[in-house]
Amino acid sequence: MQPIVTANHISKRFGKVTALDDASVSVNRGEIFGLIGPDGAGKTTLFRILATLSLADAGEASVAGFDVVRDYREIRRRIGYMPGRFSLYTDLSVEENLQFFATVFNTTVEENYHQIRDIYVQLEPFRHRRAGALSGGMKQKLALCCALIHKPEILFLDEPTTGVDPVSRKEFWQMLRHLREEGITIVVSTPFMDEARRCDRIAFINDGHILDTDVPEAVLLRHKDILCPPGLQHAATGNDSDNIITVDNLVKRFGSFTAVDHISFTVRRGEIFGFLGANGAGKTTAMRILSGLSLPSEGHAEVMGYDVTTQSEEIKRRIGYMSQRFSLYEDLKVWENVRLFAGIYGVPEKEIAPRTEEMLREIGLYDRRDTLVRNLPLGWKQRLAFSVAIFHRPQLVFLDEPTGGVDPATRRQFWELIYRAAERGITVFVTTHYMDEAEYCDRISMMVDGRIRALDSPERLKARFQAKDMDEVFLRLAREATRQSD
Amino acid sequence: MTLRYLIEKEFRQIMRNSFLPRLIFIFPCFIMLIVPWAATLEIEDLRIAVIDNDRSPKSRRLTHRIENSAYFQLTRLPDSYDDGLDAIERDRADILLEIPRGFEKHLVKGEEAPVLVAVNTVNGTKGMIGSSYLSQILTPQGEDVSIRYRFNPHLDYKVFMVPALMTMLLVMLCGFLPALNIVSEKEIGTIEQINVTPVSRFTFILGKLLPYWLMGFIVLNICIGIARFAYGLWPVGNLLTIYLSTMIFTLVVSGLGLIISNYSATMQQAMFVMWFFILIFILLSGLFTPISSMPQWAQYITYINPLRYFMEITRMVYLKGSGIADILPQLGVMSGFAATAYTLAILSYCKQQ
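Quick mapping for you: the protein sequence lines, in order, are chains A and B.
If you read the first sequence in the working numbering, its first letter stands for residue 40, the second for the next number, and so on.
If you read the second sequence in the working numbering, its first letter stands for residue 44, the second for the next number, and so on.
Bear in mind the hints are in silico, worked out from the structure with no lab data behind them.
These figures come from a predicted structure and were not determined experimentally.
Please note that a few of the clues may not be correct.
As the list claims (entries may be wrong) - Mimicking DSBU-like on lysine-lysine, the simulated pairs with C-alpha atoms at most 35 Å apart in a straight line are: (1) B:K394 x B:K363; (2) A:K507 x A:K263; (3) B:K229 x A:K55; (4) A:K372 x B:K229; (5) B:K394 x A:K389; (6) B:K101 x B:K152; (7) A:K372 x A:K263; (8) B:K229 x A:K389; (9) A:K190 x A:K209; (10) B:K394 x B:K201; (11) A:K209 x B:K201; (12) B:K394 x A:K372; (13) B:K201 x B:K169.
Next up, chain A with everything else stripped away, as it sits in the complex (with noise of 0.2 Å):
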């Protein structure tokens, strides 16, 4: 097979951070090929260079036997691209996106309508939909449509299933299949590793380097330490008889859509409690109202004994929060944010500096207590937040996705800190995309369509649906759902 897309040697620096560094690849014609790597290992960077929408400093690539530098408009009517975020124009329905982006291409939606047909079907039912009002999962099936419609010999996806869920995510990498079937070249990359598995073969690069390219499961085996980090041991914490939040049929309703629909359930004191769903499924809803941020239309919470309708403010003193959206303030310095936080939680003036300079050792982000939170790796910037969040030692802590788009082991890495805080007795409230995630919790409920399916521990659950992994239940019981809309 001829290589379709090559990289020579590509250097490209952005002031004093190398992106890439004498990077090369080459992927053959037909083939899955995937990116696997760290944030800001230069994945993005590689897939701009390739797309001809960012120059190299040193070195050279083709795509389609076309110069990136050359022949970029030849190569702009032969590649499909999906860039992470914002390839979507969320004010324009479903259809009107569909039909800007063929437009763009000097073509039409009819044209080519057989290329997209298989994907297209599930959007149809919503096409006079605002694209921003669809779900992760739905949009990232809008996006691969928009870079489809022209009929793209390659296609460079860059993390298109980041924050998917997991159902949504199978139907995703089932759609790439399909068309690689169809001799399209698809260049993917990913944080999933059982995404990483269903490539041809990939490439491992971390900071600029591509350190290994090979089939999937002899990169994972030699890189394994980083991308396939054993699993962890954690003595299940809890106590059976002290709940520290109580749900008692709570209902939120968004108009006359109900995104959380008469859930009851409780959360044990001292306990790891991961809180699953597909996108949309309300996960995200009912944590803002157990934290105060949000007011249940109808029901009864308490959280520690306070309810969340009328005593807001009383639990917001007592719990920490790390959103989804990473919410440190990007251009204050690591110090000065883990300052701010402390102050408003009432932290005493003299004890910040020391308590601060102990969890910034302990975190390994000493060295960079000058640095602005803006340019540190996503990865530890969520170890930043998970400790600035437990830094006025709450007795409960709610994080809402907290791992997004990060590597295996940094994930590890992430869920040592929560077992720490787990073993001082915090309370831990999270919701997750990952499934092996979902096995380090103690107990686990599942949400579809706005209620609790499921909620017990991961081996019981495992065993109740006989399944090998939680990947089965929740596939099991997210299949279920009958909420399009998600």
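Given the structure of chain A, go ahead and fit chain B onto it with the hints provided.
Structure of chain B alone, referenced to chain A:
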């Protein structure tokens, strides 16, 4: 004190911004040094045509006086009114003065000597001001009126503009920046992290307000400095009076900015809504056109315009030397506005949806 940490944070963010600190210095300098020279309502070199039907020594003296005036430029001496009107229509003259036959005779007899003035008022302001200049030249004929211009003896337009521009700068900087502040936290997502903390709404909004307060103070001092060194303008009244009223006024506009920020979902929205308010405030403040010449209904509207009161104060203190006692009514009203704006800013900030 939570407030201290919040203010610390705001200042760090402002100082770390590559653009804001420069804006705070460059913007006032630019406006104060350039606009007073450019935006002037002084009319010079109006083209005038004089039809002298009398051709007497007195009428010739009048013509010479007009010719020597800095405001007029005698462009032609048509023979008849129709010729003169023709010159206006062809845009060769802006104003027409017809001296009737028997002008001198009337004056000698001590009677009124009527003259006719025709003005091209396509540009209304230019025409109106031109005709009033002309009547000033004509009136000394009576020789019993003597006009003294108080507080701005040379009718220098810059003296009138400089305090007004100061006000405008304060509105722009202390109004727009807070309006964009909270909404930018919304867009980035950091507001969520703040909302989930126990920080009180009162403290949070105060933490947003105080930095802009100080910024207003810096801007004011830059303006006062420029007014002194570029235009030789120093408040006739007490400087502290100006400081006090500026502090109250900045609270009003920053408060308004924060309210708008609370209700807006995007920076765009906040920007346009704020722009709408500021435009109305400026046009209905007496900055460019005197309030007394507005229609009655518009005059009523100016009563709820905080800018109006501040504009009055700066001009009164700067030019007339008014003391605290003279501006008490204005200060009172502005304090009322400030209290209202701050209260609304707190109430419109929701930590829970």
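Verification of the hints:
1. B:K394 x B:K363: 47 Å, violated
2. A:K507 x A:K263: 22 Å, holds
3. B:K229 x A:K55: OK: K229 (chain B) and K55 (chain A) at ~31 Å, within 35 Å.
4. A:K372 x B:K229: Holds, at roughly 20 Å.
5. B:K394 x A:K389: 29 Å, holds
6. B:K101 x B:K152: 13 Å, holds
7. A:K372 x A:K263: Holds, because 33 Å separates the two Cα atoms, which is no more than 35 Å.
8. B:K229 x A:K389: Satisfied, since the Cα-Cα distance of roughly 32 Å is no more than 35 Å.
9. A:K190 x A:K209: Answer holds: K190 (chain A) to K209 (chain A) is near 23 Å, not above 35 Å.
10. B:K394 x B:K201: Violated, because 47 Å separates the two Cα atoms, which is more than 35 Å.
11. A:K209 x B:K201: 72 Å, violated
12. B:K394 x A:K372: Holds - the C-alpha atoms of K372 (chain A) and K394 (chain B) are around 25 Å apart, at most 35 Å.
13. B:K201 x B:K169: 17 Å, holds
Hints 1, 10, 11, counting from the list given before, are not met by this structure.
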